Amino acid sequence: MAGNADIVLDARGLEPPEPLVLTMQALERLAPTEKLLVLLPREPYPLYRALALNGFSWQTAFRSDGTVEVLIGHETS
Amino acid sequence: MQALLSFDQAPPFSAPIRFFLTAPLFAILAALLILWEGPDLFVSRWTAATLALTHLITVGFMLQAMLGAMIQILPVVAGANIARPRFVAAVVHLAIGSGALCLSAGFLGHPPFFNLAALCLGVGTALFAAAAAWALYSVQSTNPTIRGLKLSLIGLAVTVMLGLLLSIALGESLALPLLQLTSIHLAWGVVAWSIALLAAVALVVVPMFQLTPAYPADFARRFCWAAIVLPILWSLVDLLGWQIASTTLASAMALLTGTFALQTLRLQSQGTRARFDASQQLWRVGMICLIAACGLWLLARFLPMLGDRREWPLLCGILVFVGGFMSVIVGMFYKIVPFLVWLHLQNRGGGRILAPNMNKVIAGWQIERQMHAHFLSLATLLTATLFPGWLAYPAGLLLLLANTWLLRNLVAAIVFYRRHCAQIDATISASP
Numbered sequence: 001m002a003g004n005a006d007i008v009l010d011a012r013g014l015e016p017p018e019p020l021v022l023t024m025q026a027l028e029r030l031a032p033t034e035k036l037l038v039l040l041p042r043e044p045y046p047l048y049r050a051l052a053l054n055g056f057s058w059q060t061a062f063r064s065d066g067t068v069e070v071l072i073g074h075e076t077s
Numbered sequence: 001m002q003a004l005l006s007f008d009q010a011p012p013f014s015a016p017i018r019f020f021l022t023a024p025l026f027a028i029l030a031a032l033l034i035l036w037e038g039p040d041l042f043v044s045r046w047t048a049a050t051l052a053l054t055h056l057i058t059v060g061f062m063l064q065a066m067l068g069a070m071i072q073i074l075p076v077v078a079g080a081n082i083a084r085p086r087f088v089a090a091v092v093h094l095a096i097g098s099g100a101l102c103l104s105a106g107f108l109g110h111p112p113f114f115n116l117a118a119l120c121l122g123v124g125t126a127l128f129a130a131a132a133a134w135a136l137y138s139v140q141s142t143n144p145t146i147r148g149l150k151l152s153l154i155g156l157a158v159t160v161m162l163g164l165l166l167s168i169a170l171g172e173s174l175a176l177p178l179l180q181l182t183s184i185h186l187a188w189g190v191v192a193w194s195i196a197l198l199a200a201v202a203l204v205v206v207p208m209f210q211l212t213p214a215y216p217a218d219f220a221r222r223f224c225w226a227a228i229v230l231p232i233l234w235s236l237v238d239l240l241g242w243q244i245a246s247t248t249l250a251s252a253m254a255l256l257t258g259t260f261a262l263q264t265l266r267l268q269s270q271g272t273r274a275r276f277d278a279s280q281q282l283w284r285v286g287m288i289c290l291i292a293a294c295g296l297w298l299l300a301r302f303l304p305m306l307g308d309r310r311e312w313p314l315l316c317g318i319l320v321f322v323g324g325f326m327s328v329i330v331g332m333f334y335k336i337v338p339f340l341v342w343l344h345l346q347n348r349g350g351g352r353i354l355a356p357n358m359n360k361v362i363a364g365w366q367i368e369r370q371m372h373a374h375f376l377s378l379a380t381l382l383t384a385t386l387f388p389g390w391l392a393y394p395a396g397l398l399l400l401l402a403n404t405w406l407l408r409n410l411v412a413a414i415v416f417y418r419r420h421c422a423q424i425d426a427t428i429s430a431s432p
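Sequence order for the protein chains is R and D.
Going by my numbering, the letters in the first sequence line up with residues 1 to 77, in that order.
Going by my numbering, the letters in the second sequence line up with residues 1 to 432, in that order.
Facing chain R, a subset of chain D residues (Cβ under 8 Å, in silico):
| # | residue |
| --- | --- |
| 1 | V76 |
| 2 | G79 |
| 3 | F339 |
| 4 | M358 |
Read the hints as simulated data drawn from the structure, not as lab findings.
Bear in mind that the values here come from a model prediction, so they are computed numbers and not experimental data.
Note that beta-carbon positions come from the ideal geometry of N, C-alpha and C, so glycine has one too.
Input sequences plus hints: build the corresponding full structure.
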C-alpha cells in the first residue's frame, strides 16, 4: 500500500487530536490525483466518517506490528 | 478543502457531558452523608449509612461516568453509533440518577424507595445495554477492546439484575441469602463490569493519551475473557458451597485485577513523556490503589488476625472505589472533556475558524489543585477507617472540596465551550 502513496504521514506516537489535525492539513494540500498514506496505531473510526462526509475514498490495511495503514484519495481520482 | 473539517456530530456533545456533570454531584452527596453521619459511618461496611455511601459512589458517581464515557467511546473505538443518542442519553441519565437517589433513600431508612430504585435502575440500564448491544451487534470483534466492551455489557447486566433482586428483597423483606448474594453482586460489579470496562478502554486510551507502548497482545486478548469467566465460575462454586474452589477462584479474581494494574504501571514507566501530566498521575495512583486493595484482600483472606478486624473491608472498599476508580475517572475526564470541547468547536467552525488549543479548555493549575485535593481526600478517608473519631469529619470535608472543585472544572469547560460557540457563530454570521 505504501508504494501507491504520494505523501506519507506517520501519526503513530502522537497524542490526540494531533493525528487528526495533521491528516486534515495534509488532505487540504492533496492534489486531485494524489494519494495520502496515514500510519496510525489503531483504526480511526471518526476519521472514516469525516472522509465519507467530505468526498474522500480510503483503503485500510493492517501490518503485523499493529500499525494501521489508511490510504486516502479524492473519490473522483 | 475546508469542508473536511466538518464531522458529523455523533454523539452530540450533550449526550456524554450530562453524565460527566452529574457524577461529581453524587460524590458531593456522599461527602455530605459522611459529614451527617460522622464516625459511625466507619463502624462496619454493613451499616445502612455505609451501604448508602457505597452506592452513592458506585451507582451515583461511577455508573454515571462509565455510561457517559461508553456513549462517547463506542463510536470512536468500535465505530458503533448508538441510535437516537439524545433520547437514550436523556432517559438513561434521568433513570440512573433517580435510581441512585432512591437506592440511598432506601438504605437510609425508607424501604419503599428500594422498589422505586429497582424500577429506575432496571429501566435505565436495560435501555442503555439494549442500545449499546444493538450498536455493537453488527460490529466484528476485530480487536480486544471491542470484545471487552461487549463482555463488560454482560457484566453490567448481571450486576444490575443481582442488585435489583437484592433491592426488591430488601423492600419486600424476602427470605434470600442476602450476604452471599451481596458478595456475588459486588464481585460482578467490580470485576466483570468495572475492571473489564476499564481494561477494554485502557487498551486504547493508555497508549493513546499517555504515549506508552501497547499492552502485550496475549494480555489484551485474554484479559477481558478472564474478567467475565472467573466471576461466572466463582459465583457457581460459591452458590454450591465448594469452599476451597470458591477461595481459589476469588483469589484468582484479585490477582487478575492486580495484574491489570501492574501491567498498566509497567507501561506508564515505558512512556515517552518526560513529565507525567495530571491524568497520568491520577491513573498511577489509581493503579497503586488497586494493587494495594488486592494485596489487602488476599492478606485478609488468609490471615485471620487481619481478616477478623472490622477495618479491612472499609479500607479495601475505599482503595477500590475512591482510590482506584474515582482517580482513573477523574483522570479520564481531564482528557475526554477538553478533547470533546475541541472537537465540537472545530466542527462548529466549519473549517473557517480554528478551535482554540485543547489545553486552554480547563486551566492546568485548576486541574493540578483539584488532583491534589482528591489525593488528600483519599488519604484522609483511608486513615479515617483506622481513626474515625479524629478523621471522619475532615475526610468528609475534603471529599466535598475535591468534588466541588471537579464540578467547577467541568463547568468551566462548558462555559468555555459556550463562549467560543457564540464567538464562532458571530464570526461566521459577520463574514460574507
